[in-house]
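Undergrad: So the chains spell out like this:
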Amino acid sequence: MDLTKDADAARATLRTMWTIRRFEEAVDDLFARGLMHGTMHLSIGQEAVPAGACLALREGDYITSTHRGHGHCIARGARLDAMMAELLAKETGYCRGRGGSMHIADVATGNLGANGIVAGGVPIAAGAGLAVSMRGGDEVVVSFFGDGAVNEGAWHEGVNLAAIWDLPVVFVCENNHYGMSMSVGKAFKVERLAERAAAYGIPGVTVDGNDPQAVHDAVSDAVHRARAGQGPSLVEAVTYRWKGHSKSDKNLYRPREEIEAWREQDPIARFERVVAATLSEADVAACRDEARDAVREAIRVANAAPDARADSLADAVYARGDA
Amino acid sequence: MTAVLPKHRTLTYSEAVREALAQAMEVDERVFLLGEDIGTYGGAFGVTGDLVHRFGERRVRDTPISELGIVGAAVGAALAGMRPVVEIQFSDFTAQAMDQIVNQAAKIHFMLGGAASVPMVLRAPGGSGTGAAAQHSQSLEAWFAHVPGLKVVMPSTAADAKGLLLAAIDDPNPVIVLEHKLLYKQSGPVPEEATRVRLGETTVRRTGGDLTIVATGVMVSRALQAAEQLAADGIEASVLDPRTLRPLDAAPIVDSVTATGRALLVQEAPRTGGFMAEVAATIVESSAFGHLRAPVARLCGLDVPIPYAPRLERAAVPQTEDIVRGARELVTAW
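Chain order of the listed sequences is U and W. With the UniProt record's numbering, letter number 72 in the first sequence gets 72, and the count goes up by one each step, no holes. With the UniProt record's numbering, letter number 118 in the second sequence gets 118, and the count goes up by one each step, no holes.
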């Protein structure tokens, strides 16, 4: 799919990226004003990865997500009001106030969950792929994770299982250059994280993670392979996290110039320049406005919702009856 | 009119587990097995036996040695609609898989506000007595029983090994089934039908009025042997087997201690932080407290890793004679 020349696709891509950006800016603001509690991990600057990747998926496909997962949730089509309600600790939130930012998920759109453990979702994605494979289905699982996950045992075990059983899983590494404060230059001896794929006998490719088209092309290829029963692939999308790791981050480990240089590579501004020939200025403005309005409306709806109730706290520890 | 009794045959505990797996797989395509060497090898303890020939490699799935990946794959498959049953070769190796058990399987239903559940079973043999030493002999049930979201089962008979496993497979939650490697070859009557033993039901194995012995796993049979020896001396013990540690069915324990006034709690695991401390607290917090004629007593494994030498290994965990001695003291000293 050409995300730059096809006007509908361009609009969808831009709207998704703006929605993620506006959602996270709003969350950042609410947090700064003391209106949101807990912690959260923002993906501002990384919007091209979920936007480009999820456009390669269709209904029935699954994703697993990360602690930095707002973008995956939105790109997969989750409701902004239920997401915002979750972050605002409301009963109407996706997790009824049990999950918060780090565990947010919309199961109805195939999101099997964000994860507070960096590689925790990787073997889970392999397992979802195993379920698809055993049922003879053609659904695909996209497993999102960061560069920090690639050195964890769960990552290696999960990728290996998917590889030996030819499971329909696409492993998407959002290489945003830092696992908390540990830079990829210090955490890896390999030049590109995609090289790790060779160790498992699967294809690995590195793409510009600030270009939704590049992400989309690579993930689409991997999705086609997976649907055709040819097994998993690894896509490394190189991008950058503008904000700190979480709310406690003082950014002591990276120079301001580096952050500035990457901000000039803003995936949204870049994409707007690229689609200037396809979308009118009014079209682009409409995408921005729609995203802003949708996020405002989500905040309004969420704020009006009742707070999560403690009287049912113990109810969802165990599932009842036939699941 | 004569009641129609379910047909029983004598099977080993190991055969009973295998029969449960086979019967669950026969009726539900979603059920499949996942683990190291469970296929042609038949399982490290021979439990899966010939199942791969009956159900194929797709459903009796040999895995590489990667416990974290195996359990994670089971979590994912369960989330996506399957009913995986994982075998971990020795319960000690669950340490390798703890993130997926504790942080993923146990918590996903809750963290998602009930929107998804993880109907999976993890079977693993625990316990000492085979000379396998410290990394292959532990009794880790307290680790799992401490985690909300997990259910924990310890079958002590062949019939329960089958019935509890079938119930665990039906359950929409992650269930840890801790089998005991010394019990695998023990035989007992097992119903032919796929009869479930409900999770969370303590059973009374023997009734006596002088004291209540609560025991789990292989300690149940030792407690019953001890009770026979005590009976010869005129001391009558009740022996209760919780079978499910979480959720614990405390009422029969409370009732029994209320009647006998004495409780001897027996576990193979080390004392400190062990499951019987929970049972002890449950008793003293209950209405049984006022009926106690003696302090609640625990007989536990020593706070040591399980050693290799047979004499040392035997000394590390309660034996039948220890239970006899402990019970006699409890009855005569108070």
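Simulated from the structure, these hints should not be mistaken for lab results. The structure presented is a predicted model; accordingly, all values stated were derived computationally and were not measured. Treat the hints with care, since some could be wrong.
[Unchecked claim] Restraint ranges, calculated between C-beta atoms of paired labels, are given here:
#	chain 1	residue 1	chain 2	residue 2	range
1	U	Glu281	W	Asp28	46 to 52 Å
2	W	Asp303	U	Gly38	37 to 43 Å
3	W	Glu29	U	Arg192	53 to 59 Å
4	U	Glu297	W	Glu193	55 to 61 Å
5	U	Arg296	W	Pro148	35 to 41 Å
Glycine is no exception: its CB is placed at the ideal position from the N, C-alpha and C atoms.
Undergrad: With reference to the structure, classify each hint as holding or not holding.
TA: Evaluated hints:
Separated by about 58 Å at the C-beta atoms, glutamate 281 of chain U and aspartate 28 of chain W break the suggested range of 46 to 52 Å. Distance hint for aspartate 303 of chain W and glycine 38 of chain U: a CB-CB separation of about 39 Å, consistent with the stated range 37 to 43 Å. Under the hint 53 to 59 Å, the C-beta atoms of glutamate 29 of chain W and arginine 192 of chain U, about 41 Å apart, miss the expected range. In this structure the supplied range 55 to 61 Å holds for glutamate 297 of chain U paired with glutamate 193 of chain W, their Cβ-Cβ distance being about 57 Å.
A C-beta distance of roughly 38 Å is found between arginine 296 of chain U and proline 148 of chain W, which places it inside the suggested range of 35 to 41 Å.
Going down the numbered hints, you'll see the structure goes against 1 and 3, while the others check out.
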